[in-house]
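Protein chains in written order, with the numbering used here: chain A, 5 to 286; chain B, 5 to 286.
Which copy? The list can't say, so a pair holds if one copy fits it or any two copies do.
No more than 25 Å apart at the CA atoms, straight line, and that leaves these computed lysine to any residue pairs for SDA-like:
1. LYS214 - ASN163
2. LYS126 - ASP107
3. LYS126 - GLY105
4. LYS214 - ARG71
5. LYS126 - GLY106
6. LYS214 - GLU137
7. LYS269 - GLY200
8. LYS214 - ARG59
9. LYS126 - ASN44
10. LYS269 - ILE124
11. LYS214 - GLU277
These aren't lab readings, by the way, just hints derived from the structure by calculation.
Listed below, chain by chain, are the residues.
Number of protein chains: 2
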Amino acid sequence: MRVLALLDGTVVDPQTPLFRADDLGVMRGDGIFETILVVNREPRELGPHLDRLERSARLMQMRLPERTAWQRAVRAVIDAWPWDTAGQMALKLVCTRGIDGGDGTPNGFAMGMTIGADTIRKRAEGVTAVTLERGYATDLMERAPWLLLSAKTLSYAVNMAALREAEARGADEVIFTATDGTVLEGPTSNVVLARGRTLLTTPPSTGILKGTTQGALFRAAEQAGWETRVETFPREALFDSDGVWLASSVRTITQVRAIDGTELKADADLHAELTRLYESNY
Amino acid sequence: MRVLALLDGTVVDPQTPLFRADDLGVMRGDGIFETILVVNREPRELGPHLDRLERSARLMQMRLPERTAWQRAVRAVIDAWPWDTAGQMALKLVCTRGIDGGDGTPNGFAMGMTIGADTIRKRAEGVTAVTLERGYATDLMERAPWLLLSAKTLSYAVNMAALREAEARGADEVIFTATDGTVLEGPTSNVVLARGRTLLTTPPSTGILKGTTQGALFRAAEQAGWETRVETFPREALFDSDGVWLASSVRTITQVRAIDGTELKADADLHAELTRLYESNY
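Full structure from sequences and hints, please.
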């Protein structure tokens with residue numbers, strides 16, 4: 005099931021072509037996006053997602069339709085979604101730089117998409133992952149802003165290729181590492197690690213995306229008395245931890261059961277506790 | 005002027021939307037492309053461009069329509085182009101992985117586009133460039149194929165951001181360097197350097213695109229008695245040379261007059277000679 009809305013709030017047939025061949029989004033992946041989880045008509049972390057969309061637009065030096073237009077499109081998709089048959093959806097916001105050689109008017113849409121049974125199952129059952137080199141140093145972002153590290157652009161071919169590599173190795177997911185072995189992020193997720201009653205995640209200063217779901221989990225965990233730390237940690241720390249999770253809007257808090265073929269502590273009670281903490285936000 | 009043809013050879017209105025919102029090309033820059041120079045109805049280096057498109061598809065593990073389909077679309081655009089008013093065009097071949105969640109049928113097109121007066125002027129007058137870090141080591145490609153180095157994917161947001169950075173610094177072009185200072189490539193070109201009667205360019209094993217225009221120049225230069233070398237050289241070599249050029253299909257052989265604010269030797273006779281060599285292929 006797919007429901008497509010334009011930024012003026014019109015709902016249109018998702019099978020009707022929407023983008024010209026010379027849209028810069030088509031020709032060069034020149035645009036930005038967000039993916040939002042909507043449960044029972046309520047978009048989760050909509051504010052942080054729109055904040056991040058605006059941040060990506062700034063890093064890309066591209067015009068972005070105003071916030072109210074995105075809110076209108078989100079509402080239109082939610083109103084048109086068949087909630088009686090599907091209680092959750094992944095809501096994608098996409099914005100391109102517009103037509104090549106045009107006046108810079110961006111083209112955007114909001115699209116609600118079914119969340120696969122496989123994804124929902126993994127939230128409960130966990131995943132296996134491989135670590136893959138991302139090829140970057142952790143201090144690159146600050147000195148090389150043209151590399152668009154930390155912007156959520158439409159140029160996601162590498163993220164998809166990494167997931168194919170994981171599949172070829174018999175795993176579900178990827179955890180990227182920096183040149184010095186620092187854990188970065190997944191292709192579409194943030195990495196969270198537990199050590200006793202402390203949760204850790206990698207700082208955005210390494211060039212990764214600031215996680216909206218990770219942020220929601222940490223917010224709830226702090227209120228429940230957990231310590232939270234945003235600091236770098238090496239690949240080895242994944243194995244020497246009380247649990248590893250991938251946090252993403254659609255997968256929510258997914259437990260990692262094994263990395264590079266090595267089983268991890270994957271405590272079911274701890275997973276249930278973190279899931280409860282995350283869900284307590286809504 | 006834009007002329008758009010589908011892979012069945014149909015010419016369609018370029019202003020009519022062609023891609024669905026959920027095409028993977030739109031949503032994730034998940035596809036590949038080539039840009040070919042066509043002069044007086046003759047596509048230059050069509051074979052090498054189609055070879056490279058096929059190589060990119062292999063690296064991306066995506067299905068690609070057969071070669072005859074691309075040749076048919078190229079012919080359709082050339083036949084429909086107004087040659088009496090525009091003697092050259094840039095011909096773009098684009099292929100996406102198709103619809104998200106679909107059966108993997110790729111979506112492609114060929115589009116002829118006017119070459120701007122600015123581009124044609126730069127072929128004669130040269131450009132200024134800045135060097136920018138690409139953030140990668142030169143040995144990364146071989147050990148990390150999931151990073152898609154050397155594939156010409158639609159995920160070109162970084163290439164475009166680098167060109168904006170050049171513009172912000174008052175320059176026309178970018179020359180990327182690796183972490184060890186090795187000269188890599190431009191965002192849409194290869195770097196060629198002259199030392200006496202020797203031409204040098206960076207090897208594709210560093211993760212750069214194999215240049216079709218650079219290849220044509222080297223082919224002609226060898227026949228004319230030049231020595232050619234495909235080997236790495238450091239940023240400093242740019243300044244300690246008898247000339248630097250950017251080779252690309254649409255810009256052909258563009259001389260670099262200054263890099264990072266430092267004037268280079270930009271000998272007009274040598275530029276004329278290299279241009280003549282390149283043109284002698286056609």
